[in-house]
Amino acid sequence: MARMKFICDAERCIECNGCVTACKNEHEVPWGVNRRRVVTLNDGVPGEKSISVACMHCSDAPCMAVCPVNCFYKTEEGVVLHDKDVCIGCGYCSYACPFGAPQFPSQGTFGVRGKMDKCTFCAGGPEENGSQAEFDKYGRNRLAEGKLPACAEMCSTKALLAGDGDVVSDIFRQRVVQRGKGAEVWGWGTAYGSAAKQGA
Amino acid sequence: MDKLDLLVVVDPYPSATAAMAAMPGKPEDLNPNRAVYLLPAATQFETSGSCTASNRSLQWREKVIDPLWESRSDHMIMYQLAQKLGFDKELCKNYKMQKVKGLDEPVPEDILREINKCVWTIGYTGQSPERLKAHMKNMHVFDVKTLKAKGGKDKETGYDFTGDYFGLPWPCYGTPEMKHPGTSNLYDTSKHVMDGGGNFRANFGVEREGKNLLAEDGSHSLGADITTGYPELDHILLKKLGWWDELTDDEKKAAEGKNWKTDSSGGMIRVFMKNHGCHPFGNAKARAVVWNFPDPIPQHREPLYGTRPDLMAKYPTHDDKKAFWRLPTLYKTVQDKNIADKVHEKFPLILTSGRLVEYEGGGEETRSNPWLAELQQEAYVEIHPKTAADRGIRNGDRVWLLGATGARLNVQALVTERVDTGTVWMPFHFSGRWQGADMLAYYPKGAAPVVRGEAVNTATTYGYDSVTMMQETKTTVCNIEKA
Numbered sequence: 001m002a003r004m005k006f007i008c009d010a011e012r013c014i015e016c017n018g019c020v021t022a023c024k025n026e027h028e029v030p031w032g033v034n035r036r037r038v039v040t041l042n043d044g045v046p047g048e049k050s051i052s053v054a055c056m057h058c059s060d061a062p063c064m065a066v067c068p069v070n071c072f073y074k075t076e077e078g079v080v081l082h083d084k085d086v087c088i089g090c091g092y093c094s095y096a097c098p099f100g101a102p103q104f105p106s107q108g109t110f111g112v113r114g115k116m117d118k119c120t121f122c123a124g125g126p127e128e129n130g131s132q133a134e135f136d137k138y139g140r141n142r143l144a145e146g147k148l149p150a151c152a153e154m155c156s157t158k159a160l161l162a163g164d165g166d167v168v169s170d171i172f173r174q175r176v177v178q179r180g181k182g183a184e185v186w187g188w189g190t191a192y193g194s195a196a197k198q199g200a
Numbered sequence: 001m002d003k004l005d006l007l008v009v010v011d012p013y014p015s016a017t018a019a020m021a022a023m024p025g026k027p028e029d030l031n032p033n034r035a036v037y038l039l040p041a042a043t044q045f046e047t048s049g050s051c052t053a054s055n056r057s058l059q060w061r062e063k064v065i066d067p068l069w070e071s072r073s074d075h076m077i078m079y080q081l082a083q084k085l086g087f088d089k090e091l092c093k094n095y096k097m098q099k100v101k102g103l104d105e106p107v108p109e110d111i112l113r114e115i116n117k118c119v120w121t122i123g124y125t126g127q128s129p130e131r132l133k134a135h136m137k138n139m140h141v142f143d144v145k146t147l148k149a150k151g152g153k154d155k156e157t158g159y160d161f162t163g164d165y166f167g168l169p170w171p172c173y174g175t176p177e178m179k180h181p182g183t184s185n186l187y188d189t190s191k192h193v194m195d196g197g198g199n200f201r202a203n204f205g206v207e208r209e210g211k212n213l214l215a216e217d218g219s220h221s222l223g224a225d226i227t228t229g230y231p232e233l234d235h236i237l238l239k240k241l242g243w244w245d246e247l248t249d250d251e252k253k254a255a256e257g258k259n260w261k262t263d264s265s266g267g268m269i270r271v272f273m274k275n276h277g278c279h280p281f282g283n284a285k286a287r288a289v290v291w292n293f294p295d296p297i298p299q300h301r302e303p304l305y306g307t308r309p310d311l312m313a314k315y316p317t318h319d320d321k322k323a324f325w326r327l328p329t330l331y332k333t334v335q336d337k338n339i340a341d342k343v344h345e346k347f348p349l350i351l352t353s354g355r356l357v358e359y360e361g362g363g364e365e366t367r368s369n370p371w372l373a374e375l376q377q378e379a380y381v382e383i384h385p386k387t388a389a390d391r392g393i394r395n396g397d398r399v400w401l402l403g404a405t406g407a408r409l410n411v412q413a414l415v416t417e418r419v420d421t422g423t424v425w426m427p428f429h430f431s432g433r434w435q436g437a438d439m440l441a442y443y444p445k446g447a448a449p450v451v452r453g454e455a456v457n458t459a460t461t462y463g464y465d466s467v468t469m470m471q472e473t474k475t476t477v478c479n480i481e482k483a
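Going down the list, the protein sequences come from chains X and B.
First residue of the first sequence: 1, per my numbering; consecutive thereafter.
First residue of the second sequence: 1, per my numbering; consecutive thereafter.
By construction, these hints were calculated from the structure, which means they are not laboratory data.
Note that the Cβ used here is the ideal one computed from N, Cα and C, for glycine as well.
Any given hint might turn out to be false.
To be verified - Not everything, but these chain B residues come out facing chain X in the computed CB check (under 8 Å):
#	residue
1	Val-357
2	Glu-358
3	Ser-368
4	Pro-370
5	Trp-371
6	Leu-372
7	Glu-374
8	Leu-375
9	Glu-417
10	Arg-418
Claimed, not checked - Some chain X residues well away from chain B (every beta-carbon gap over 10 Å; in silico):
#	residue
11	Thr-75
12	Ala-133
13	Lys-147
Can you make the complete structure from the sequences, with help from the hints?
What follows is the structure in structure tokens.
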């Protein structure tokens, strides 16, 4: 069974926000709720880097550990999902999450702090796969349709990869080898190899 | 805008132009007979047709839904305008008509076929709707790196893809039947012309001041029967080469007295390219000295509005032109006046503009899309930290951008080292706010873009490119103060 993972290659991310837009469009996520976002460090100075961040579907997910009503569950493919019918919108998961993944819609049943919303790895929720009820609460269930998350599918530079963790890490490892540098060496300058190496 | 007799806005969204027409100006300016029309144009999803990407490949777009509400496709609007003006029969003589929501509209396939029939000179002739549709349905047969199909046939039509480049990137010469594969790289002498190869175009005559402008011996596309330079193809050249009789009788009739761009049969192109591997536009040298331009070799000239009078004196602009594309156009007069008026002292910053990834063009459509609008909610100006600090401006402050013509733009400051101390930058996708005021009330109800902001070109100034007459929107001067 595949273990689903995201990886964002900061070497390639060009801060186009295509992933964010794809996510919003796919799941009809309301204004102000960001299941995915692009974070840019050192904006406007040499060495600027961007990375696309959403729920990382942690193996040992802190949100699951702290949720007082136990609304989280993990699928067989390692996707961390939650049940909005159980969620009380307390926001404890947002304290626990190192990535700022949990979002709290300002409109809805619970007023100021609605039920938590987050990236589902395009895997819906506890409702029947592909049902309207599932779509309304969690957005489209692409995994059930045999498709990968819309954000990574849409990524124009293939910086954002999603899918079976083994495959994703193979691709990333190959890139690191090809660049001739470790995964810690991030930056646009090395994305297409150095001029010296190409003999240019 | 109040003085106009007629204003017609054709757009899927009522643009800022439409809103500005509704914005009250000076009462004495208003033309009592002014007519303003908003024609809701259909989007790309509400019609079909070809579209060309920046790699020159064409794709066929299928219609997803019928036009919503009262919107109509561009070609229906053109047809109906031609009807009113009384030349619809002439406009549509090569088109079959189809009904869309009960109204007549030219068939998009026929429009492309008409383009195919006439645009020989830039190779927009081989990309028939049939070939493009076959490509779209069989994308998998094309190599993602070279764009080339190694083989494969369309199941329905039996069309053979072998050798085609995806989307038949123009130039795709000759008739669709000739099966030119499109050109993935221009001027590539390492390939045969029927494999997308080519050479530089003979477009400037054959000789100038005693120097040969055609290619020299041995410089030609792969496999060409003529192994030196040659001029563009016409009936005389074909006859001189002894290749005239390779035309069919019908082709001879069409080609007599013509050149490759006016031979409506495409026969001369076929014989030249397919039988002899030669390029119909000739084989010449590229030119680096463009003798018919004001500057045959590009040289630096300071803009009309600049911040460095010393450089303006050293690198002055062109002389005024009395008739440039028929219009009197000022250069030196404006620059000299700006120097004399010391414009640079009042406006010490260079203002330039550019694009954001979230929006497109003027942004009317993209700022109306909430998914995109959420990502860029404010028009802003990028200012260097020193420039900002000198003016008491902090990141995120509202500022006034003062243009040299008196325009005042209220925008947000983005303090960043991306620009230097003497330059400020604004994205050009915004409109819907005018010198500090929101134009929301002047859009048709419910049709305003989600995000509205100051348009940078409210603050740009006079100036035109000396060749193309493109307006100067990329450099002017301004000042900025805290709002």
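How the hints compare with the structure:
| no. | hint | in the structure |
| --- | --- | --- |
| 1 | Val-357 | holds (5 Å) |
| 2 | Glu-358 | holds (6 Å) |
| 3 | Ser-368 | violated (14 Å) |
| 4 | Pro-370 | holds (6 Å) |
| 5 | Trp-371 | holds (4 Å) |
| 6 | Leu-372 | holds (6 Å) |
| 7 | Glu-374 | holds (5 Å) |
| 8 | Leu-375 | holds (5 Å) |
| 9 | Glu-417 | holds (5 Å) |
| 10 | Arg-418 | holds (4 Å) |
| 11 | Thr-75 | holds (27 Å) |
| 12 | Ala-133 | holds (23 Å) |
| 13 | Lys-147 | holds (18 Å) |
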